[in-house]
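J.: Sequence:
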Amino acid sequence: MTLMECLHRFCAECISKCLRVGKRECPTCRVHCSSRRQLRPDPEFDALIASVYPNLDEYEAQEEEFIADLNKKMSCQSHLTESVQKGILRQRSATSAAATRKRKASAATFIAKPAIFHHLYFTITPSQRHHGSIEPSDQKTTRPGTEQAESLLNTEDLVSFLLLPRPDMRRTAADGFALERPYVSTSPKVTVKHIEAFLASKFPLLLTPGSQAHFVISVATSPSSTTEDAEYVDLEAGDKTIDDLVSEFGTPGSTLTLYYRLAGSSPSPPE
1 MTLMECLHRF
11 CAECISKCLR
21 VGKRECPTCR
31 VHCSSRRQLR
41 PDPEFDALIA
51 SVYPNLDEYE
61 AQEEEFIADL
71 NKKMSCQSHL
81 TESVQKGILR
91 QRSATSAAAT
101 RKRKASAATF
111 IAKPAIFHHL
121 YFTITPSQRH
131 HGSIEPSDQK
141 TTRPGTEQAE
151 SLLNTEDLVS
161 FLLLPRPDMR
171 RTAADGFALE
181 RPYVSTSPKV
191 TVKHIEAFLA
201 SKFPLLLTPG
211 SQAHFVISVA
221 TSPSSTTEDA
231 EYVDLEAGDK
241 TIDDLVSEFG
251 TPGSTLTLYY
261 RLAGSSPSPP
271 E
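Counting from 1, one number per residue, gives the positions in the sequence shown under full-length UniProt numbering.
Each hint should be verified, as a subset may be incorrect.
Claimed, not checked - Pairs of lysine-lysine residues, derived as DSS-like cross-links and limited to a Cα-Cα distance of at most 25 Å, are as follows:
hint, residue 1, residue 2
1, 104, 73
2, 193, 240
3, 73, 86
4, 86, 72
5, 202, 240
6, 189, 202
Hints listed in this document are in silico derivations from the structure and should not be mistaken for laboratory results.
Using the sequences provided together with the hints, build the complete structure.
T.: Have a look at this one:
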């Protein structure tokens, strides 16, 4: 069929369907075609199509079968692609969840311990509670797994302070009595007696059996706390806790500094 408006030629069935369900325009040039009355038969064009495709119905059936097979393959390929993508997403989700759990476990159990920090723990047995004796233990001491885990997980409640020898002591003695790690991190419930016992465990050679020597904890009451002429107050109340000392002598934004000296004798510093 020939469209008289533009003289474009089409198959009679195809152009009739296009005008019936389409926008009433030429599929090639989009010129408006009001109705099928503008179509004219074209025997020469029909003869040309018949010579090229002598079995037109058979060819159309083969073409429809080919298109159906192609659509089926494309559908299978899309399903395979979708399945692969879902598998990748599930694998990524599982890997991300495992990494998140690992990071949370590491954050809950790992605690950075700088070399200058010393964690102070105390072990008190029932018999020692009655006699008032206290056994300080270093962080290297073996502790039950549950108790150690609890102490590590509760690091947010720890209090840090600086433990130094009194500057007004003799220079050689002060140097000999200095702790290797002066920064101490411990529970706020630790008392002054605990700290004295801790120092006794660090310098056992200074406290011989039967000796009256003992450590005394002090705090500086003057601004010049790093000089030898500073004023110090001995903490005679051994039941005072670190929390009490921070509240009484601490300064916001700074670390509490405690000083210790050996009273009762004047031994030489350890070699």
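J.: Give a verdict on every hint.
T.: Each hint tested on the structure:
1. Between residue 104 and residue 73 the alpha-carbon distance is near 47 Å, which puts this suggested pair outside the 25 Å criterion.
2. Only pairs whose Cα atoms come within 25 Å are accepted, and residue 193 paired with residue 240 is accepted, the gap being roughly 8 Å.
3. With a CA separation close to 20 Å, the supplied pair residue 73 and residue 86 stays within the 25 Å bound.
4. The straight-line distance between the Cα atoms of residue 86 and residue 72 is roughly 21 Å, inside the 25 Å bound, and the hint therefore holds.
5. Of the supplied pair hints, the one linking residue 202 and residue 240 holds, its CA atoms being roughly 21 Å apart against a limit of 25 Å.
6. Of the pairs offered as hints, the one joining residue 189 and residue 202 holds, with about 21 Å between alpha carbons and a cut-off of 25 Å not exceeded.
Violated hint for the displayed structure: number 1, the only one.
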